[in-house]
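Engineer: Now for the letters of each chain:
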Amino acid sequence: MNDTSTLKPGHIQGETGVWEMVIGLEIHAQISSKSKLFSGASASFGSEANRNVSLVDAAMPGMLPVINEFCVEQAVKTGLALNAKINNVSVFDRKNYFYADLPQGYQISQFTKPIVGEGEIIVDLDNGEQKKIGIERLHLEQDAGKSLHDQHPTKSYIDLNRTGVALMEIVSKPDIRSPQEAGAYVKKIRSILRYIGACDGNMEEGSLRADCNVSVRKSGEEFGTRCEIKNLNSIRFIIQAIQSEAERQVDILEEGGTIDQETRLFDTSTGETRSMRSKEDAHDYRYFPDPDLLPLEFTESWVKDIKEKLPELPDSLKKRLIRDFGITAYDSSILVEEKDYVDFYQQAANGRDGKLTANWMITELFGALKKDNLSFSESPITSENLGKLISLISNGTISGKIAKEVFSEMMKSKKSPSEIVKEKGLEQVSDDSEILKLIDQVISDNQDKVNEYLSGKDKLFGFFVGQVMKLSQGKANPGVVNKLLKEKLK
Amino acid sequence: MPNKDTIVDVPTVNKIARLCRLDIPEVNKKSLTNDLNNILGFVAQLDEVDTSNVEPLASVTGHKLPLRSDDVNDGNIEDLVLKNAPESSSGFFVVPKVIE
Chain A
60 MNDTSTLKPG HIQGETGVWE MVIGLEIHAQ ISSKSKLFSG ASASFGSEAN
110 RNVSLVDAAM PGMLPVINEF CVEQAVKTGL ALNAKINNVS VFDRKNYFYA
160 DLPQGYQISQ FTKPIVGEGE IIVDLDNGEQ KKIGIERLHL EQDAGKSLHD
210 QHPTKSYIDL NRTGVALMEI VSKPDIRSPQ EAGAYVKKIR SILRYIGACD
260 GNMEEGSLRA DCNVSVRKSG EEFGTRCEIK NLNSIRFIIQ AIQSEAERQV
310 DILEEGGTID QETRLFDTST GETRSMRSKE DAHDYRYFPD PDLLPLEFTE
360 SWVKDIKEKL PELPDSLKKR LIRDFGITAY DSSILVEEKD YVDFYQQAAN
410 GRDGKLTANW MITELFGALK KDNLSFSESP ITSENLGKLI SLISNGTISG
460 KIAKEVFSEM MKSKKSPSEI VKEKGLEQVS DDSEILKLID QVISDNQDKV
510 NEYLSGKDKL FGFFVGQVMK LSQGKANPGV VNKLLKEKLK
Chain B
4 MPNKDTIVDV PTVNKIARLC RLDIPEVNKK SLTNDLNNIL GFVAQLDEVD
54 TSNVEPLASV TGHKLPLRSD DVNDGNIEDL VLKNAPESSS GFFVVPKVIE
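Chains A and B, in that order, give the protein sequences. The numbers in the numbering used here rise by one with no breaks, and the one at position 267 of the first sequence is 326. The numbers in the numbering used here rise by one with no breaks, and the one at position 73 of the second sequence is 76.
One chain only, chain B, in its complex shape (with noise of 0.2 Å):
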């Protein structure tokens, strides 16, 4: 859990870029850092309110989660799912070469 003392670095938001494939110029990562420290700070004043007894809180509608049955009735629309690729071909999405 972030709380005051957490300190987001240059390093941290080029690690948090990479993980989410994000191209950040370098010239905002500076102001990125100032940015997140401060939302993360924010948000902190949170561990001030003592929830040792408290259960974690899912909804507040209380709703529960809703089930369906076992039963095939969607799919075949593949033209539909590939309508937005970029590329495709015989069905299938085509996209670079990604191999390990």
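In isolation and in its complexed conformation, chain A is listed as follows (with noise of 0.2 Å):
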């Protein structure tokens, strides 16, 4: 190997040059519907096993499908988020395999026509850069049960509540060139969802996986055979099966081998994807249109309405913060990432200064939050507090050293700053008359110093000012304690 240190993310250094990645993704994102996407059974997560099932999510025979319109309206919703064209026709398929937790034999899917066509997103990296990814299509598909394999020795256990729970498939197009890249986007993805409220993003129920299509290729060649890896159900675990996989082509290419296309599992233990299925008739799924269903159909002015009715998106509410708030993109790119910081941020900044707020909720808030293990809905401080803190700083109440002492008891105490400040005697003093008393202590105690000092050693009116903040506990406003000391040591 050589030094990685100057490689680029997403570059593999192999014996034989540079290697890139290229990746696509494929988001199932479920949809925060109360039920079913063809069914009126619960949809809700964590219920009794085989609870949430009717006889259509069990396939019975006789049983029909009916869709659920508040489903398809998520999926046109997404797509309009998404910057996509909208198909106002589409048609459902049948996805044909045998698997213990498909009762039916087949995913009811949209092949040839989805809901959604083409369209685009931007992600913001972590180097500040923005990058543009396409997005190939998006469909309504239903979600498969969940099987068990850990209760008996030689039997599956198999749970329907999920079956048929609608799910939206969000395809992207191979633009992704780095694991770090597929995290941005993956994120961006999830941050849209939960401002429309299309799916509540929590990864670790499952509402939000990802298929991850990877391959390698050497810079300006045409695109290598593909592995997918399946059902990645947290960030950090698409980054590292990424970069895992990458590498794994990467060794078999060098030794002359080749890519077999095939579906890998990401083996969160060891870090490592290791093979799935046999490849031989994997993608076999003998699609055909369900009999069951007619096409999806809607008018234009239905998705006009929708369309009204979309709250205000990341990338444009990134924006306005900037112009309305004097903050840094990068400070905005933060607080757009979730829509609780951004509504929180609007509420404590809200008629203060946005650049100091911004400050103290990244830097401070987040900061202690993560300390306390705490997430961001469980915060202490409340946007009207920390709004208040904002005002305490900004009116020269409380010197920012102080405010941080304020804000730790605000973490702890739940109470509001100026409580605080009240009971623990923190006011910042500008008064003249007590400041100078304070000065004229310390240059009593110190007469040697004030000798040298005048005498020509400059550098000690850095002292004098630090005794009486000392003297003072902190509490004196260093902009009066610098014009008077001035002034007295003339």
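If you're looking for bench data, these hints aren't it; they were derived computationally from the structure. Do not take every clue at face value.
Said to hold, decoys possible - Interface residues of chain A toward chain B, partial, derived using beta-carbon atoms under 10 Å:
| id | residue |
| --- | --- |
| 1 | G99 |
| 2 | G164 |
| 3 | H208 |
| 4 | I217 |
| 5 | D343 |
Stated by the list, open to error - Covered stretches of chain A (chain B as the covering partner; in silico rule of three or more C-beta atoms under 8 Å from a C-beta of chain B):
| id | region |
| --- | --- |
| 6 | 85-98 |
| 7 | 124-134 |
| 8 | 147-159 |
| 9 | 347-356 |
As the list claims (entries may be wrong) - Below, simulated DSSO-like cross-link-like pairs (lysine-lysine); rule was C-alpha separation at most 27 Å, straight line:
| id | chain 1 | residue 1 | chain 2 | residue 2 |
| --- | --- | --- | --- | --- |
| 10 | B | K32 | A | K154 |
| 11 | A | K154 | B | K67 |
| 12 | B | K86 | B | K100 |
No residue lacks a Cβ here, since even glycine has one placed at the ideal position from N, Cα and C.
Join these two chains into a complex; the hints should help.
Structural biologist: The following block contains the structure:
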């Protein structure tokens, strides 16, 4: 291996040269509906086994699927938010395969005519750059059930509660070039889905999962043969799995081997991928239009209504925060990542110093929450109280240093900042006569230093400021101290 | 689209049978191949009609796909759902181990 420190993310240094990754993602997003895509059974998570199963979901003979209007609306909404083409006529197909948790023997999906066509989003990369990632399509489909393999030595246990829950599969174009870009892409999709309320984006509960298609090539060459890594349920795993899969492919190719197009699983304990199915027949799903379902049609005006009701999306919000609050692009991109952050920030910063509020929220609040292992929704500090703290700093009641003390007290006690300042007597002292008293004491205590200063040792000025601040227990207004000291030590 | 030239041979029958999880006795495969070729040949007559300017027809009734509102009004029937299962335990279907 050569020096890898100069390699760009997504590049792998091999014996024969530098390899580049080509990545495409299929994101499965569970629609936040109450009931399933084609049945009236509950779509909620965590119920007793097989409680949320209707005879339609169990694929009993003679049952007919009837589509959920809310789910159709969410797919259209998402398509609009992804700047994508909405297809006013789309068709449901059967994707045929056998598995114990698929009672129908097929998944109802959309193959040739999806509800949403091509679109694009802009993702924010760690280095501050932005990149356009193309969307190939979005289609509606049913989720499968859940198999438990660890309950019995020779048996699998099947729970059909998830069977038939509505999913949107969002397929990207192979525009992604590094694991980090893939992570940023998933983050952006998740953020958009949460803004519009189409999916809760909860990766732990499996509401958002990704399949990653990975291949490698020498720069400028044709795409290589790809492998698909199935069912990744965290951004960290997506990044790890892509990196390890690309490295595996480079090793094979450099030894003169070829890549088999196959489906692979990511083993979270080893951090490596392994083959999942024999490639033979793996993708022979024999799709055909579902004879139980007519084409899905809707009018242009229905789409227009949905478009008009779309909330402000992260990209536009980001620009607005920069314009209205004077914050940096970087801070703004952090704040718009989650709708909760933006709402909190706008309440806290309303009528106050936007930059200062962003600093306190991103550096102090996020830092403190992380340290205490709290999620954002569990924050002991409300937007109102953070706002009040900002006001106390801006109007000179407390110094920035004292504000940190008040802040950590707010984290502990949930009290309002003014209450804490009052209780602890932390108001900043700006009154000339009081500060002069302190200055006089410092001068009389340090007569030798005063003489040195007066004989030209200018650097000692900082020492006097420090002593006065110390004497005031940090409460003296540093600006006033500076001004009065200068006059006094002339 | 199958046409008159489509030839289903024994390997194709084997493949379809495997995908459909059908166990077809060896002795039946030849006749099944002939049957499939006859059926496909018959259907392939439709290719003689020029449909290049015709939209695919999904329904002859003119009905639109009916939509339902997002209400939970089904489920809570696990006993019924599990009634025909050859084996079940604590609310789960139980099947021979299937693991990748």
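Engineer: With reference to the structure, classify each hint as holding or not holding.
Structural biologist: Do the hints match the structure? See the list:
{"no.": "1", "hint": "G99", "result": "holds (4 Å)"}
{"no.": "2", "hint": "G164", "result": "holds (9 Å)"}
{"no.": "3", "hint": "H208", "result": "holds (5 Å)"}
{"no.": "4", "hint": "I217", "result": "holds (4 Å)"}
{"no.": "5", "hint": "D343", "result": "holds (6 Å)"}
{"no.": "6", "hint": "85-98", "result": "holds (count 4)"}
{"no.": "7", "hint": "124-134", "result": "holds (count 7)"}
{"no.": "8", "hint": "147-159", "result": "holds (count 5)"}
{"no.": "9", "hint": "347-356", "result": "holds (count 6)"}
{"no.": "10", "hint": "K32(B) with K154(A)", "result": "holds (26 Å)"}
{"no.": "11", "hint": "K154(A) with K67(B)", "result": "holds (23 Å)"}
{"no.": "12", "hint": "K86(B) with K100(B)", "result": "holds (21 Å)"}
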